[in-house]
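These are the residues of each chain, in order.
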Amino acid sequence: MKNEPSNKRRSQFSLVMRRLPKNKGAVVGLVIIAMLLVIVLFGDYLTPYDYYHQDYMNMFSFPSRAHPFGTDSFGRDIMSRIFYGARFSFWVSVGSVIISAILGGILGTVAGYYGGVADTIIMRFLDVYQSIPGLVLCLSFSAVFGPGTFTTMAALGITGIGSYARILRGSVLQAKGNDYVEAARAVKASDFHIIVRHIIPNAISPMIVSMTMGVGTDIISIATLGFVGMGIPSHLPEWGAMLSEGRSYMGIYPHLVLIPGIFIMITVLSFNLFGDGLRDAMDPRLKD
Amino acid sequence: MTDHAFLEVKDLRVEYTSDKQIIHAVNGASFSLEKGETLGLVGETGAGKTTIAKSILRVLPDRAASIRSGKILYNGEDLLSASEERMRSIRGNEIAMIFQDPMTALNPTMTVGYQIFEAIMLHNTCEKAEGKARAEAMLEKVGIPAVRYHDYPHQFSGGMKQRVVIAMALACNPALLLSDEPTTALDVTIQAQVLDMMKDLKTEFQTSMIMITHDLGIVAEVCDKVAVCYAGEIVEYGTMEDIFDNPLHPYTVGLFHSLPDMSGKRNRLTPIKGMMPDPVSLPEGCFFAERCPYATEKCREIHPQLEKADGEHEVRCFGKENGKHG
Amino acid sequence: MAGYIVKRILWLIPITLMVIIFVYTILFFAPGDAARVALGNSASEEAIAEFNAKYGLDLGYFPRLFNYIKNLLHGDMGVSYYTHVSVSKQIADRLPYTILMALLATAFGLIVGLPMGILAATHQSTWIDSLAMAVTMFFSSMPSFWFALILVMIFSIHLKILPAVGYESWRNYIMPVIAIGLQLSAIVARQSRSSMLEVIRSDYVTTARAKGQKESKTITDHVLRNSMIPVVTITGTALAGLMGGALLIEQIFSIPGLGTYLFGGIASNDVPVVLGCVIVIAMFHGFLMLLVDLVYTVVDPRLKSSIIAARARKTNNRGVNA
Amino acid sequence: MDEILRVEHLKKIFNTPFGDLHAVDDVSFSLERGKTLGVVGESGCGKSTLGRTVLQLIKPTSGSIRFNGTEITDCSVQTWKDLREDMQIIFQDPMSSLDPRMAVWDIIEEPLKIQKKLSKNDRYQKVRELMDTVGIAERIQYSYPHELDGGRRQRIGIARALALEPKFIVCDEPVSALDVSIQAQIINLLMDLQKEKKLSYMFITHDLSVVKYISDEIMVMYLGQIVEKAPSDELFSHPVHPYTKALLSAIPIPDAHSRREKIRLKGEITSPINPKPGCRLAPRCQYATDACLSPQTVAEIKPNHFVNCCRATFENSGLL
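Line by line, the protein sequences are chains Z, F, R and U. Note that my numbering has the first sequence beginning at 1, numbered continuously upward. Note that my numbering has the second sequence beginning at 1, numbered continuously upward. Note that my numbering has the third sequence beginning at 1, numbered continuously upward. Note that my numbering has the fourth sequence beginning at 1, numbered continuously upward.
Check the hints yourself; a few may be wrong.
Covered by chain U, per the in silico footprint, the following chain F stretches (three or more residues, Cβ under 8 Å) [to be verified]:
1) 149-160
2) 247-257
DEER-style ranges, computed between Cβ atoms [as the list claims (entries may be wrong)]:
3) Z:Pro21 with F:Thr17: 15 to 23 Å
4) Z:Ile121 with R:Ile5: 20 to 28 Å
5) F:Glu94 with R:Glu215: 13 to 21 Å
6) U:His9 with F:Thr17: 45 to 53 Å
7) Z:Met17 with U:Gly69: 27 to 35 Å
8) R:Pro31 with Z:Ile121: 29 to 37 Å
9) F:Asn267 with Z:Ile121: 36 to 44 Å
10) U:Glu8 with Z:Arg9: 45 to 53 Å
Below, in silico cross-link-like pairs of lysine-lysine (PhoX-like), each with a Cα-Cα straight-line distance of 20 Å or less [what the hints assert, rightly or not]:
11) U:Lys276 with U:Lys11
12) F:Lys199 with U:Lys266
13) Z:Lys188 with U:Lys302
These are calculated hints, taken from the structure and not from any lab test. The structure displayed is predicted, hence computed values, not measured ones. Glycine included, C-beta positions come from ideal geometry on N, C-alpha and C.
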């Protein structure tokens, strides 16, 4: 029920942070994400091999002390390759989600806040945009932008704006209906002030949750691209591409398929768990 | 008078658990009701009125709420220890309930007729056609043409929805009707229509009723007995005349003084200071002591009991023996 | 109601047109020379000029677009630059496999996911709920193509009880359908659980209990239907997505669906193939979204009444549930 | 006569998919400085729209609003910005009217920050002072609205409205969501503030007992129109319009021995969409005659007592 009123200033962020640890799933997710981040940042120092080092004496070796995840068809150390791939998957997915969220967020906010003609145009555009398969958009944008890490990020990011725009439009509409917006207008607050100070803070929670989960979705998209040989340049290791390479040998050397897949899954799982926990922690209906 | 009352609630205690906090919603509420009477359960938000009513029917949310102790004797039978099957045969059949918000009390995806029909078929073994005919008759009774049987709730206005809810509650001619703020969500003129109708139907069906409300005006209009609820307990109980003409508990007195006077001049209102205590941590003494202008040391230390004042009039206050007011 | 449906279907025409223009524009500006890809790097300038003239590639942006749309109105989607096979014939050949797989996977998702969600919601906070939530969290995080590979490894390579590739027998579809459907079932289960929990708290469910209704009947009669709208939304969206072909699943199991065809088209800048697929997929998308909205009106009579204002509402709903 | 607000022939029509919704239909009234005008009506009568239109939070379809002698429906942006500070609003639902993501202090400070007239220090002083005025304890200054009860939330809403030192406040059902004992606290606060700061109120409510208590003059609305307008005591002692009478007799009186004549309306409120000419109450009115189907005129049956009913003139002349 009612909290003992506090005389200290507490930010919204700290309120969420206080609730989050109570959610076991979120904690597990966060711990995995932290470990992943260590791999992303310090992966090079964690394995003695380079991801491209080929060792023809040690092809297809099963996990061992020397190669904890074994080696692939060229005798390359899978752990090193997984760690390198983590870097790519992580940055590209986080970057693309941020791009989607910013672009989609602007569209959604404009559509929801201003309504009328702007809303109609934006929503009709999204109707068109979202009836085009994501794969077509993503690969075509990749082709237009040319190959590379950043272009993959941009292509994925632009492809994903639709759902963010719709989510934010919905929650902006909801926030807009509240009297506190009227109250702000009554003290002659500008539209910009209202959007930044009142609408966005109240509408952003569902967006943050789907951004978190969106990182997971994009990791799968990146792996899909890698699997069909698009996205990252082919000489660099990528989880999806590793899966695709390992596929031919999976009858005899299942670790070639199992290990990249498990990494994809655990990464996605961690973001999903964290997002799920965030959703509960940011629910304004819940009191702490 | 028989040896036992029609309905007797004895020392009912209900708690809600949320996030490891225990909310003491009802703290030893006791009252009784004779057949054919209307009891007004008056109090403000959070006084535990709705919880008491839901406890009688045992439709509190399973996980969050628990009935800690007490007895609810209905014709001498303790409902709190009755089997779930027995409860099902009582719910809607012998005891029915009307909920506060007609907007949410009806299933939006079922025709209103079917929702009444459902109540009838649950407790009667009759042909479907007869059940339907009875449901239609109920609709007519509450002033809705039977042709609207197949309409959905959203096609009705708030007042009409509440009529449907009332039809549903009265469909099996229950002996006791629990009305939880049945008109709070309605406009005054519609409220007047619905209250008139409820009074008529109550007489026609000879139903006993517990009317839960925060509006003393409604109490004056429909109730025979009044129980004033505060922080999960009854602080004053008596006939309507007792309470309105001779209120004894400082809280009841305070409520009357908070109301703008409709007849006289504009005097400054004298509100009750402060707020109801937090149900998570209730004070040791009288729950009202904090806000009471007459509170003494004793009031803050010892929790008063509900004691007879005169006739049926009971009050939970030391003030009576202290002779300070009343 | 009929008028509404006709209007929505007519809406598909401008939408599809916009889709064509949009995709055509991106492809037009994408680098890559179709003639070079088709004829090889050693091809002579003349051969390339001839190729470009044959397919109208030497024309500018507007004439090409105009030609394409003109032909389309005559029911001609053109031919692939490389295989020279009619695009519409290829799509017609491949579509049945895609539709079959999409429908089976969606059915699987609902058949497994719904009961799981209902069970979890009705046993909230018990071990059943926790288990269901853990399992579904796990499955919804698993990439379906990886799961497909695992299935192949177990059932084709080791146990040798299911065929790894092919599309002739029903046994070919078991693994692809499970691989796609399991993830969908997890999403359906989580969504139906949360929306049921929302409905279970509502007043009319308490009203049903207060009428003396049995707990099981309360769930089936009052809770289920009212909690289905978000489930319909995600099922519809998922089905629409699958209509675009499940590229990797098709690749892994060698099923000749729309996904591989489309992918081949994009990879080789085969404009007629890409546009052809995109048109078909966009139409399916439009029809499915219409179907979803129609199912809404069946599930919830309130929406039927407000169908005049349906456009705004529809976009709202989707926005919130997406 | 010191007039702060004069509204003439104000109309607000919303275009809906179902037709034109006449939310405010040809409403005229004026308000004296330091006085309270009560606006009473049931849901859907347009009273909230009227309040917001007067504040220009909703643009009127037509009509004139003069505030302190200045026409504000078509004045320049700058004049309007200056005037806006003088007109504020207090909302019904203190939960929806306070941004749940802002602490109490920030909510009260916001208008001052936007106004940009005070230095940081002065602002600090001013917020302190406002919290004092409305009775918010310092210990809750950093609480969030959801941690507080309805009464305190409403006090915050009042403090925010007072921040720019307005002269005129629209109170849109400020006590309807509160319990009686808290309601009385807030009403007293509003009346004290009025006396102290010479405020003029437009007090919108559906609760007749409250409006009688607080208002100098009362205006009864039905489906976008004013049906009756009179000084408070006059309206309660001599209601003329059948709707006013029905409204008055519908209030349950908290008195064990009150016996009154009951006037009940038939049926429910009709739709304000594309209304027919003639009296809008006619379908529900027990006195309705053919005369009610033609357009009605407003008659001043006594000084300052206006009625929009064709029977009123008869009744007043003693013919009925």
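Could you say whether the range 20 to 28 Å given as a hint is met by the Cβ separation of isoleucine 121 of chain Z and isoleucine 5 of chain R? holds, 25 Å
Could you say whether the range 36 to 44 Å given as a hint is met by the Cβ separation of asparagine 267 of chain F and isoleucine 121 of chain Z? Violated: the Cβ-Cβ distance is about 59 Å, outside 36 to 44 Å.
Evaluate the given range 45 to 53 Å for the C-beta pair formed by histidine 9 of chain U and threonine 17 of chain F. Given about 59 Å between the Cβ atoms, the range is violated.
Under the criterion that the straight-line Cα-Cα distance not exceed 20 Å, is the pair lysine 199 of chain F, lysine 266 of chain U satisfied? holds, 17 Å
Does the beta carbon distance between proline 31 of chain R and isoleucine 121 of chain Z stay inside 29 to 37 Å, or does it fall outside? For proline 31 of chain R and isoleucine 121 of chain Z the Cβ distance comes to about 30 Å; the hint holds.
May I ask you to test the hint 13 to 21 Å on the CB atoms belonging to glutamate 94 of chain F and glutamate 215 of chain R? holds, 19 Å
Just tell me: holds or violated, for the beta carbon distance of proline 21 of chain Z and threonine 17 of chain F against 15 to 23 Å? holds, 20 Å
Would you check chain U against the segment 149-160 of chain F, counting CB to CB pairs closer than 8 Å, and say if three or more residues qualify? Holds, because 3 residues of the segment 149-160 of chain F bring their Cβ atoms closer than 8 Å to Cβ atoms of chain U.
Does the alpha-carbon distance linking lysine 188 of chain Z and lysine 302 of chain U stay inside the 20 Å limit? Violated, because 41 Å separates the two Cα atoms, which is more than 20 Å.
Are 3 or more residues of the segment 247-257 of chain F near chain U, judged by a Cβ distance of less than 8 Å? holds (count 4)
Pair hint lysine 276 of chain U and lysine 11 of chain U, alpha-carbon separation not exceeding 20 Å: Status holds; Cα separation ~16 Å.
CB of methionine 17 of chain Z to CB of glycine 69 of chain U, is that within 27 to 35 Å? violated, 54 Å
Comparing the model with each earlier hint shows violations of hints 6, 7, 9, 13; every other hint is respected.
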